[in-house]
Amino acid sequence: MGDLRTTATADDGPQRRDLILVERAQAGDLSAFNDLVLCYQDQLYGLVARMVPDQDQAADVVQEAFFSAYRNLDAFRGGSVKSWLSRIAVNAAMDLQRARKRRPVQPYPELEDDSWQPPAGEEADPERQVVTAERVRALNSALAAIGDDQRAAIVLFDVEGFDYTEIAEMTGVSLGTVKSRIHRGRLALRRCLEDRMELFRG
Amino acid sequence: MPALTHRSSDHDETLIARLAAGDLTEAEAGRARALVAACPACAQVEADIRSIIAATERLPAPHRTRDFRLTDADATRLRRTGWRRLLGRFGEPRLAFTRPLATGLVALGIAGLVFASAPSFLQAGGAATAAQAPVAGGLSGLPASSNAGASATGIEYGPGAAGGVDGGEPAASAPVPPPLTVPSPAASVASADASAGPAASNPPADVSSATAAPPPVGIRNLASVPASAAPAPVFNANPGQGKSTGGAAEAPSGPSALVLVSLVLLLVGAALFILRWAARRAT
Ligand SMILES: [Zn+2]
Numbered sequence: 000m001g002d003l004r005t006t007a008t009a010d011d012g013p014q015r016r017d018l019i020l021v022e023r024a025q026a027g028d029l030s031a032f033n034d035l036v037l038c039y040q041d042q043l044y045g046l047v048a049r050m051v052p053d054q055d056q057a058a059d060v061v062q063e064a065f066f067s068a069y070r071n072l073d074a075f076r077g078g079s080v081k082s083w084l085s086r087i088a089v090n091a092a093m094d095l096q097r098a099r100k101r102r103p104v105q106p107y108p109e110l111e112d113d114s115w116q117p118p119a120g121e122e123a124d125p126e127r128q129v130v131t132a133e134r135v136r137a138l139n140s141a142l143a144a145i146g147d148d149q150r151a152a153i154v155l156f157d158v159e160g161f162d163y164t165e166i167a168e169m170t171g172v173s174l175g176t177v178k179s180r181i182h183r184g185r186l187a188l189r190r191c192l193e194d195r196m197e198l199f200r201g
Numbered sequence: 000m001p002a003l004t005h006r007s008s009d010h011d012e013t014l015i016a017r018l019a020a021g022d023l024t025e026a027e028a029g030r031a032r033a034l035v036a037a038c039p040a041c042a043q044v045e046a047d048i049r050s051i052i053a054a055t056e057r058l059p060a061p062h063r064t065r066d067f068r069l070t071d072a073d074a075t076r077l078r079r080t081g082w083r084r085l086l087g088r089f090g091e092p093r094l095a096f097t098r099p100l101a102t103g104l105v106a107l108g109i110a111g112l113v114f115a116s117a118p119s120f121l122q123a124g125g126a127a128t129a130a131q132a133p134v135a136g137g138l139s140g141l142p143a144s145s146n147a148g149a150s151a152t153g154i155e156y157g158p159g160a161a162g163g164v165d166g167g168e169p170a171a172s173a174p175v176p177p178p179l180t181v182p183s184p185a186a187s188v189a190s191a192d193a194s195a196g197p198a199a200s201n202p203p204a205d206v207s208s209a210t211a212a213p214p215p216v217g218i219r220n221l222a223s224v225p226a227s228a229a230p231a232p233v234f235n236a237n238p239g240q241g242k243s244t245g246g247a248a249e250a251p252s253g254p255s256a257l258v259l260v261s262l263v264l265l266l267v268g269a270a271l272f273i274l275r276w277a278a279r280r281a282t
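Line order of the protein sequences matches chains B and R. Residue numbering for the first sequence follows numbering that gives the first Met the number 0, beginning at 0 and increasing consecutively. Residue numbering for the second sequence follows numbering that gives the first Met the number 0, beginning at 0 and increasing consecutively.
Each hint should be verified, as a subset may be incorrect.
[Stated by the list, open to error] Straight-line Cα separation of at most 20 angstroms, SDA-like style, residue types lysine to any residue; simulated pairs:
id	chain 1	residue 1	chain 2	residue 2
1	B	K81	R	D66
2	B	K81	R	F67
3	B	K178	R	A53
4	B	K178	R	I52
5	B	K81	B	E165
6	B	K178	B	I145
Source of the hints: derived by calculation from the structure; they are not laboratory data. If you're wondering where the values come from, they're calculated on a predicted model, not measured in any experiment.
Could you put the whole structure together from the sequences, leaning on the hints where they help?
So this is what it looks like as C-alpha cells:
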C-alpha cells in the first residue's frame, strides 16, 4: 500500500481523475461516482476493517461512508478526494465505536478468518510463510484488543500512512493526543504480544 | 524470552516508544538513549517497538467482502432535495463556527435569565416590576371576567399592585417580590396562564410571570403598553402612592428587557443546536 506521506501531490494523475469524477458525480452522473467507489473501496475497506475488526460491521460502515459521500458531494471543496473519502470513513467507523462504547458488547472476535491471510507468493519458503501468517494473526488479535482510539491512530499512521496533522483533523483531536495515542498504543500492543514477541524479534 | 525488568521503576517506557518512532527533541532523545544504553529492559522495549512498527506497516490488506457501488435506487433515496439540501449546509465544515456560536448564545441567555431573576436585581427594579405586574396580568388575557367591576384593558390591575405597595392588602401585595427561580420559557408560559385567572387577587404570581415573561408576552408588553401608561390608574386610585410607583415607572424596564433579550439569545442558540443536530442526522 502506498505511503501517503511520500506520494500524492495535488496535481498527479489519480487526483486529476478523481476531481473529474467528482465533478461529473456532482452533476448527477451516478456511474462517475461508482467509478470513484471502484477506485477506493478496497482502500476504505482495508482502513475500516482494521479500525472495526468485525468484518460485517466494517462492511456496513464502508457502505454507509459511501452513502454519506454521495449525499455530501456538494460539500466537497477540492483537495484530495482520497483524504476526503478516508475522513468520511474514519468518522463513520468512530461513530460505530462510540455506539459500541455506550452499550455492553462482545469484544471483537479473534481474527482467524482466511481473508486475513497474507497474500501468497511473497515468500516462497513454506516455513517462513507459516511464521508470517502466525505473526499477522497475532498482530491482528493484539490490534483488536487495544483501545479503539489507539487502534485508529496506529492504523491511520502505520498502515495507511497518514501524517499526524491529517490524523488530528480526521479524528478531531490535537496533534499531541494523536502522538500519545500512537505511542501508548504501540506499548499496549507489546503488552498484548508479550508471550509471542519471539515471532517479531530477529 | 522472559520480560526483562527495568533497573529502576521510574524508567519511562513512553519515552522509549517515542525514541523508537524518532519523535523526540534532542534533549529528550539524549535522555532516552542513556536509558537504552544502561538498562536492558529499556533496550528491549525499543527493539520490540521497532519490530511492531515494521510488522504493522507490512500488515496485508483485509479482503473486501462486498461491492459498495450504489444502485439507482440508492442514488434516488440519497439525493438531497429542498429542505434536506438546506439543512445539510449546517453540517458543512465552513459552518462549524455555528457550534461555539450556539453554545455562547445559550450561555449568555442563561446568564441573563439568572441575572434578571437575582433578588438583588429585582429589589433595585422591584417597584418597576410591581408596576409592570398589571400589564402582564392584562396581557394574560383572562382576568377581565374574574375581576368584578374592572375594564378589560389590563390597566385595571394597577390598583391591586398599588394596594400592595401601599401595604393595605397584605394578601395581594408585592412589596418585595418573592425570590425567583430561573424560568424556562415553557414554565413561564405555564405560569402566565396559570396566574391569569386569579391575577388580580394574587399579584405575586403575576410579578413572577411578568418578570419571566416569554418573548411574545414581552413584546406585547413593550409594544402595547408604554411603561408610563402602566401606573396611570395608580395615580387615580391612590394618589398617595403616586410618588413611589410613578418613580418606578420611570425606572428602566430592566428586568423585562433583559429577560426578553436573554430569552431571544437562548432560543436562537437552542435553534442553532437543533439545526446542527438535524443536519448531522440528515447526512
Ligand atoms: Zn529501563
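Inset, instruction - Take the C-alpha atoms of K178 of chain B and A53 of chain R, compute the straight-line distance between them, and say whether it is at most 20 angstroms. - result: holds, 17 angstroms
Legend entry - Pair hint K81 of chain B and D66 of chain R, alpha-carbon separation not exceeding 20 angstroms: holds, 18 angstroms
Inset, instruction - Assess, step by step, whether the Cα of K81 of chain B is no farther than 20 angstroms from the Cα of F67 of chain R, and give holds or violated. - result: Holds: K81 of chain B and F67 of chain R sit about 16 angstroms apart, inside 20 angstroms.
Inset, instruction - Assess, step by step, whether the Cα of K178 of chain B is no farther than 20 angstroms from the Cα of I145 of chain B, and give holds or violated. - result: This hinted pair holds, its Cα atoms lying about 16 angstroms apart.
Inset, instruction - Could you grab the alpha-carbon distance between K178 of chain B and I52 of chain R and see if it respects the 20 angstroms cut-off? - result: Since the Cα atoms of K178 of chain B and I52 of chain R sit roughly 14 angstroms apart, the hinted pair holds (cutoff 20 angstroms).
Legend entry - Proposed proximity, E165 of chain B with K81 of chain B (alpha carbon, max 20 angstroms): holds, 12 angstroms
This entry satisfies every hint, going by the numbered hints stated previously.
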